[in-house]
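Same order as they appear, the protein sequences are chains Z and F. Each residue of the first sequence is one higher than the last, beginning at 1 in UniProt numbering. Each residue of the second sequence is one higher than the last, beginning at 1 in UniProt numbering.
There could be a bad hint or two in this list.
Identical chains blur together in the list; that is why a pair holds if it fits in one copy or across any two.
Below, in silico cross-link-like pairs of lysine-lysine (DSS-like), each with a Cα-Cα straight-line distance of 30 Å or less [to be verified]:
| id | residue 1 | residue 2 |
| --- | --- | --- |
| 1 | Lys50 | Lys12 |
| 2 | Lys12 | Lys60 |
| 3 | Lys60 | Lys6 |
| 4 | Lys50 | Lys6 |
| 5 | Lys50 | Lys60 |
Simulated from the structure, these hints should not be mistaken for lab results. Model, not experiment: these values are computed from the prediction.
There are 2 protein chains.
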Amino acid sequence: MSLDPKIAARLKRNADGLVCAVAQQRGTGEVLMVAWMNDEALDRTLTTRKATYYSRSRQKLWTKGETSGHTQQVHEVRLDCDGDTILLTVTQEGAACHTGDHTCFDADLLLTD
Amino acid sequence: MSLDPKIAARLKRNADGLVCAVAQQRGTGEVLMVAWMNDEALDRTLTTRKATYYSRSRQKLWTKGETSGHTQQVHEVRLDCDGDTILLTVTQEGAACHTGDHTCFDADLLLTD
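With the rest of the complex left out, here is chain Z:
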């Protein structure tokens, strides 16, 4: 498999060949996490409908939940206006965060009304 050339042509990758990816819970709209994708991660996400990212620390693809079971079933994929960010609408199984929190943004509130 390789990424559809019509999509690949619209991506504006960073120096590491990656685009930013935001995962949002279907229905509630919660922002669950932000990670990175290379072309192959995006292709796998589109074709398998299981959210797949590129780990910058491990320098390899990872399908969300492959070890934890906390998978993300993908419903929608959107590319932003300048081609450097993907927005996924997903159904999150279990916790999105490796800490066990529902989202990666639950623990550290810097400002509130």
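With chain Z held as given, fit chain F onto it using these hints.
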């Protein structure tokens, strides 16, 4: 002004000294846009409650809406589990996208159920 050292110590900046920032509409939960912040942009966002980012292309701070009038009033600011992404809950005035779209993710749908 400078960023609270207790917050600055928790940031995990990229090689350019930046963290990723996701702006989400209060109430609807729509993801409006993704941009970047350096320490000063985050400090200004926290202290003025007007979303302020760092432009990588222009290499300077920009307060969202300073020319367009399409400001973002900031209600909540959260830092993610690994310290490299900020989530803003905002009230968007007018269009978030420079194209005139409501969000930067409106125009290019790659996959849907």
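_Violated constraints from the hint list, given by number and in increasing order_ = none
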